[in-house]
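A.B. asks: Residue-level listing of the chains:
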Amino acid sequence: GAGVSQSPRYKVAKRGQDVALRCDPISGHVSLFWYQQALGQGPEFLTYFQNEAQLDKSGLPSDRFFAERPEGSVSTLKIQRTQQEDSAVYLCASSLVVTGVPQETQYFGPGTRLLVL
Amino acid sequence: QKEVEQNSGPLSVPEGAIASLNCTYSDRGSQSFFWYRQYSGKSPELIMFIYSNGDKEDGRFTAQLNKASQYVSLLIRDSQPSDSATYLCAAKQLIKAAGNKLTFGGGTRVLVKP
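In order, the protein sequence lines correspond to chains A and B.
First residue of the first sequence: 7, per our numbering; consecutive thereafter.
First residue of the second sequence: 3, per our numbering; consecutive thereafter.
By construction, these hints were calculated from the structure, which means they are not laboratory data.
There could be a bad hint or two in this list.
[What the hints assert, rightly or not] Below 30 Å or equal to it, Euclidean Cα-Cα: the simulated DSS-like pairs (lysine-lysine) are:
(1) B:K69 with A:K63
(2) B:K4 with A:K84
(3) B:K44 with A:K17
(4) A:K20 with B:K69
(5) A:K63 with B:K4
(6) B:K115 with B:K58
[Unchecked claim] Label-pair restraints from in silico Cβ distances:
(7) A:E58 with B:N68: 36 to 42 Å
(8) B:K44 with A:L61: 36 to 42 Å
(9) A:Q90 with B:D60: 40 to 46 Å
(10) A:Q109 with B:N24: 20 to 26 Å
(11) B:K69 with A:V36: 35 to 41 Å
(12) A:D69 with B:D80: 36 to 42 Å
(13) B:G11 with A:G9: 39 to 45 Å
(14) B:N55 with A:V107: 33 to 39 Å
(15) A:L61 with B:P16: 45 to 51 Å
(16) B:P83 with A:L102: 31 to 37 Å
(17) A:L123 with B:Q33: 21 to 27 Å
(18) A:A44 with B:K69: 28 to 34 Å
(19) B:N55 with A:K84: 38 to 44 Å
(20) B:D29 with A:G9: 26 to 32 Å
Even for Gly, the Cβ is constructed at its ideal location relative to N, Cα and C.
Work the whole structure out from these sequences, hints included.
C.D. replies: Structure below.
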């Protein structure tokens, strides 16, 4: 079946603009994650949804970052008043099971490359 | 100190040789570990996971876990030029309060030379 999809693949924003990044998880996957990957670094956790509930948003760097998943499927990561330090690849991942299973694996989408000028 | 540490490399390996990648973690609450491969400009793709002490083999890949030493490794046998990529080690806690998030190392860049 189809994997995780993300759009847009590339986004150039002027400093101060708002952006919205979309993630379509694998059908039936309960859990959805957002990560931020700076150039040359490993991905860093931003937030986690179980169905429509946002259970962990401890990684969101500031209150300019907001994520939602209103119907428990598609998710949107919104960044308000973008800054140059927001430039990164934003990765979405989904997994089938909820929690507590050691072999639960996350499957990543292609990412959205955000460049803030 | 980062929670998950990897040597950034590059690790240069002749074609056909064994590539050995190491990863250490600081949080003893980490219970399962994942190796992802990431080609330049692409998203991470899962190679394998391990959560029991010892070795786990999958094709040309072997993951090793030593919880006492807080050490995870990945061996790539018969390395091919197509194995040239960045390899990410990730740790996951199984404590409900911690959720399912993965904590990644910075990745090790591997170059397989023909």
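A.B. asks: Now tell me if each hint is right for this structure.
C.D. replies: Each hint tested on the structure:
1. B:K69 with A:K63: holds (28 Å)
2. B:K4 with A:K84: Distance of about 27 Å is within 30 Å: holds.
3. B:K44 with A:K17: Holds. K44 of chain B to K17 of chain A sits at ~16 Å (cutoff 30 Å).
4. A:K20 with B:K69: Judged against 30 Å, a Cα distance of about 46 Å means the pair is violated.
5. A:K63 with B:K4: Holds. K63 of chain A to K4 of chain B sits at ~20 Å (cutoff 30 Å).
6. B:K115 with B:K58: holds (26 Å)
7. A:E58 with B:N68: 36 to 42 Å: holds (40 Å)
8. B:K44 with A:L61: 36 to 42 Å: violated (28 Å)
9. A:Q90 with B:D60: 40 to 46 Å: Distance hint for Q90 of chain A, D60 of chain B holds at roughly 41 Å.
10. A:Q109 with B:N24: 20 to 26 Å: Taking Cβ atoms as reference, Q109 of chain A and N24 of chain B lie about 22 Å apart, which means the hint holds.
11. B:K69 with A:V36: 35 to 41 Å: violated (28 Å)
12. A:D69 with B:D80: 36 to 42 Å: violated (50 Å)
13. B:G11 with A:G9: 39 to 45 Å: This hint is violated: roughly 28 Å between Cβ atoms.
14. B:N55 with A:V107: 33 to 39 Å: Violated - the Cβ-Cβ distance for N55 of chain B and V107 of chain A, about 18 Å, lies outside 33 to 39 Å.
15. A:L61 with B:P16: 45 to 51 Å: holds (46 Å)
16. B:P83 with A:L102: 31 to 37 Å: 33 Å Cβ-Cβ, so the 31 to 37 Å window holds.
17. A:L123 with B:Q33: 21 to 27 Å: Violated: the Cβ-Cβ distance is about 42 Å, outside 21 to 27 Å.
18. A:A44 with B:K69: 28 to 34 Å: For A44 of chain A and K69 of chain B the Cβ distance comes to about 30 Å; the hint holds.
19. B:N55 with A:K84: 38 to 44 Å: holds (43 Å)
20. B:D29 with A:G9: 26 to 32 Å: holds (30 Å)
Of the hints listed earlier, those the structure fails to meet are numbers 4, 8, 11, 12, 13, 14 and 17, in rising order.
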